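Residues per chain are reported as follows:
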Amino acid sequence: MSAIIVDNVSKKFRIPHEKKTTIFQNIAGLIKRRFDYEEFWALKDIGFEVGKGEALGIIGRNGSGKSTLLKILAKVLYPDSGSISLDGKVASFLQLGVGFQPELTARENIYIYSSILGLRRKQVDGLYEDILDFAELKKFENMKLKSFSSGMNLRLAFSTAIYAVPDTLLIDEVFAVGDESFKKKCRDKMDQFKAEGKTIVFVSHALDAVKELCQRTMLLNHGRIVTMGDTEKVINNYLAML
Amino acid sequence: MVTIVSKMWQYRELIRNLAVVDLKNRYQNTTLGFFWSLLSPLLLALVLYFIFRHLWGREQDFAINLMVGIMAWRFFANGTSSSLSAIVSKASLVTRVYIPRQILVLSNVLANTISSLLEFVVLLPIIFVLLGYLPVTVLLFPVVHLVYFWFIYGAGLLLSSLFVYFRDLNQIWQVVTQVLFFCSPIVYPLSIIPDNIMPYYLLNPVTLFMGMYRDLMVAGDLPSLYSLVVVIGFAIAAYLVGSFAFRKLQRRFAEEM
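Residue numbers (our numbering), protein chains in the order written: chain A, 1 to 242; chain B, 1 to 257.
No lab work stands behind these hints, which were simulated from the structure alone. All of these numbers come straight from a predicted model, not from anything done at the bench. Glycine is no exception: its CB is placed at the ideal position from the N, C-alpha and C atoms. Some clues are possibly wrong.
Claimed, not checked - Covered stretches of chain B (in silico footprint by chain A; criterion: 3 or more residues with CB under 8 Å from a CB of chain A, positions within the stretch not fixed): (1) 3-17; (2) 89-95; (3) 162-173.
Whenever a hint applies, use it, and build me the whole structure from the sequences.
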């Protein structure tokens, strides 16, 4: 039973020699006959499957295509070829607190952020107290977000996000949040998700976190899969490569 | 087409929230904020009234027709120009999370629809005072407003997706709307347009919408079936072109931000 199937996905970026962002520049470019851009394959022939309830880690150097792959899974980017299919409700955490409005209160922002994650107002009503408790921000619920510290901001975002319980989580390096005690709570929550049989794809440079969370890991380099398999082995492989 | 509508339906909460945030920001979270926002159209109406009143027969009618014209115009001008940046200004909702991106345009146009609705409602007592009565046909106002909304949403889809790739489109659009302002019967009556250019003049959908608002709110006439059909045709065409272009162009939105 696969929750995620990625079949032969490739993604190409265009790197223009001269970026044209206006109609004027495009017309000028036509006259000067300069369409030139370089093509850069961020991902090439990627194919893999993730089973239901499995946690897959993705590691690799900067620029190896990890984040691009995660963005394609999140449907933020479209692949140039190949196909992906994801099962059930997907929540992507490429960044926490997307759509937060500094001029509104914590309370209002919880509702807005939840709706971005696809929740209905009634569902949030039931979770509201839990979210605030988990974030340890009960006292500040009616404060405008612009007066929040960055730590409070992230805690609020993280707590809201984890209560939007999806079937599949796509996570990009967002868990280095808050102090040690909050980090521990986050780790416990992730373990709980795993125990509940959620599918997780986790992109990180924190190899310890990958080791702890994921049974299987994929190593990317220059947009291609180098190896994929048992986390311990793949991490050793990666360390040897560096 | 059906799938995108059902996807957007799942996110109806978000559509509502974004529209509310938009309105709150626009009116600076104050109750008076809305009345401040009325100041500019009413002042504009006042200035235009004194400059152009000789172009109309009865000045009383001119005052009402002018105000209805300006409100109808504002819905189009504000709706399309704020749609332009609906995608670009919400970059994080495009590059950091998946939502059906049409939502960003829809919520923006909805917020404009509500603003416009409030502006028209404020006109009702003014019309009542100046005319001495309120035409019953006002009750059909929502029908025209709905079709107009649909037309502007279609135009907004097209403009917002093109703006991601062509960032000088806002300058161009500003000029286009300025030209359209004077190509619409706002400060002058439709009757001064020579017969030989009338067919071309009526190709401007804003003119048709304006005429229907005036029929319903001032003259107390039912709009002709012909103009209703043409206007719905415009709305469907704008929507089809807009959503087709949007679907094609949105694939590379995240890369172009």
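Hints, verified against the model:
Counting residues of the region 3-17 of chain B whose C-beta sits closer than 8 Å to any C-beta of chain A gives 6, which meets the bar of three, so the coverage hint holds. For the region 89-95 of chain B, the assignment as covered by chain A holds, since 5 residues bring a beta-carbon within under 8 Å of that chain's beta-carbons and 3 suffice. Beta-carbon proximity to chain A at under 8 Å applies to 6 residues in the region 162-173 of chain B; the threshold of 3 is reached and the given coverage holds.
Consistency note: the structure conflicts with none of the earlier hints.
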